[in-house]
Amino acid sequence: MSILGEYLRVTPAELDRALRNPEWALELAEEIQDTQEESEPAPSEARHFTTHKTWDLLGFLLRRLAFPVDIVHGEEPLTADDWGYGPPQYLTPDRVRLAADTLHQTTYDQLIQGVDPSELAEAEIYPRIRDSPTSLEWARDLFTPLTEFFQGAASTGHAMLIWLD
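Using numbering that gives the first Met the number 0, read the sequence shown as starting at 0 and increasing by one per residue.
Worth flagging that the hints you see were computed from the coordinates, not collected in a lab. For clarity, every value in this text was computed on a predicted model and none was experimentally measured. The reader is advised that the hints may include incorrect statements.
Simulated restraints, written as ranges between beta carbons of each label pair [to be verified]: (1) A120 x E26: 38 to 46 angstroms; (2) E22 x D108: 36 to 44 angstroms; (3) G85 x A122: 13 to 21 angstroms; (4) D81 x S131: 31 to 39 angstroms.
Heads up, the beta-carbon is just placed ideally off N, CA and C, and yes, glycines get one too.
Between the sequences and the hints, there should be enough to build the whole structure, so can you do that?
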């Protein structure tokens, strides 16, 4: 099995309901994931987004830049219930806006600047990444859509649920 980074945009009212009823939030996430598999909206319009298996590499690269928001794991616990590989966390609309603004000002080349591929192996990035120059390119194709997803959420005042599945 693979561990995937998962995101769900929610309105402030949906976040309030999710905090009161995490089971409802999980059902909402599953319903939106199923619906989006058929429609495949643009990242800026999507309610669900996945970074697939690149979540750990992205987290490593963002931490190196002292990124101001934990967009890989979230910052506040939604519930103690396990949604796959641990409990989900969330970001408030203000934190989503800060993340979106900072992502917009960050390029993937800035993320990988000065990183030696051997650092990825030493950090035991999931999944095991080989010590090769191409390792740093692995998440490039997801960085722009992730940025667009966060910008779409920020433009509508949405919060974000984040979990590993």
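Verification of the hints:
Against the hinted window of 38 to 46 angstroms, the Cβ-Cβ separation of A120 and E26 comes to about 39 angstroms, which satisfies the hint. In this structure the supplied range 36 to 44 angstroms holds for E22 paired with D108, their Cβ-Cβ distance being about 42 angstroms. Distance hint check: the CB atoms of G85 and A122 are about 19 angstroms apart, consistent with the given range 13 to 21 angstroms. Against the hinted window of 31 to 39 angstroms, the Cβ-Cβ separation of D81 and S131 comes to about 34 angstroms, which satisfies the hint.
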